[in-house]
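Using the sequences provided together with the hints, build the complete structure.
Just so you know, the protein sequences line up as chains G and C, in that order. Per this note's numbering, the very first residue in the first sequence carries number 237; after that it's consecutive. Per this note's numbering, the very first residue in the second sequence carries number 69; after that it's consecutive.
Think of the hints as simulated: they come from the structure by calculation, not from any bench.
Some, not all, of what chain G presents toward chain C, calculated at C-beta under 8 Å:
| no. | residue |
| --- | --- |
| 1 | G248 |
| 2 | A257 |
| 3 | V284 |
Just so you know, even glycine gets a beta-carbon here, dropped at the ideal spot from N, CA and C.
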Amino acid sequence: MCNLVNIARTVGSNRIVPTFAVPYPLGNPQASAEEQWKMRMHRVERAVQALQTDVQEQTLFAVER
Amino acid sequence: MKKKAVHYLNQFFGQVGGEDMADFEPVLHDGALGCSNIFNGVAKNVEITHTLICGDNFVASHPEEAVERCLKFLEGKSFDLFIAGPAFKAGRYGNACGLVGKAVSEKFRVPVISSMNVENPGVELFRKDIYIFKGGARATTMKPDIEAMAAFADKIAADQRLLPAAMEGYFGRGIRHQVFLADLGLEPVPACDRAVDMLLAKLNGAPFETELPIPAQDLVAIAPAIKDIRKAKIALVSSGGIVPSDNPDRIESCSATRWGKYDIAALERFPAGEYKTIHAGYDPAVANQNPNVVVPLDAIRELQKQGVLGEVDDYFYTTVGTGTTQGEAARMGQEISAVLHARGVEGVILTAT
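Now the structure itself:
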């Protein structure tokens, strides 16, 4: 889970979930606590799905929030 | 008449501010600024007439928008070269120099010259797209790094013959030309003799340099999917520098060589004050208020409660990923994964800042 997706690709990560920003990967000081929580849950759920997904090449798991 | 260049700088070298200004949106300044003046002081045939400044985090978080807005500033401007950095070993800065530089080179068809340390991930990402000179690790090498860029810019501006990457001092772009060695000032040895010389050196265990390097691909074997995650043990790992507030293992804030393993068995979430980040490469304010935005322990516990996940490892594993060499990072990764294997961990969520 990282913000600099292209660097994750360069170093060989195979399952990549994008995060929100460098200093707060799973937070956003501009958003309400509830919105931040929803975003964090969503992206961590994507990471959990990624662990359960067979991939053949480096794969980006898109996020919706 | 000197050729004109635009210089790309991040918020720090653009004199906007430090890490707290890393979200700074792009602006174009008339004239040279800060280290652009070093360039203008040494370049004979090129003058920096504008500086383009953007925060590293802004580029990282909004790459398409950042590039688009940078290109927009340059439309209608007259310039012959684009200079980016030097970015030293700063990964986000290197990424920004490469992204913006590549886009400028594609849209305006001008030579783009940057400089980065060999450990900067921007080198592998963009060496094929732009000229990246082999630079120092820290800003203390600013002067020689800029002088190398300026000397090359001068050659381009004066239409002088450009030598191969290794001779000019930039990272090879993977472009091959046919040349006569004599034209490069080298002894003209025929290819068959060079090949035999290499073979003899190899047989004698002596060093030799191939003329056709095959790029090494740093691919990692793909782990199979976890069949039933409700029965698997998952661990949290991070390079975001979250540690117990007293940093008991004294993990370095920059160029880390140590990692830590800390008990989270009794924690539902990381409480602010008891945990913090020691990472010197990003503004720690938000992470210190809520360390769960870097290592999402609260979300993992929620998924555990919902029955989505089975077991969570009793420890989380942490280090600092700024200025950390790829060699040290690889070693720490191997050490951490040995512990994970021994503890029966089957899956890892690794957060990077």
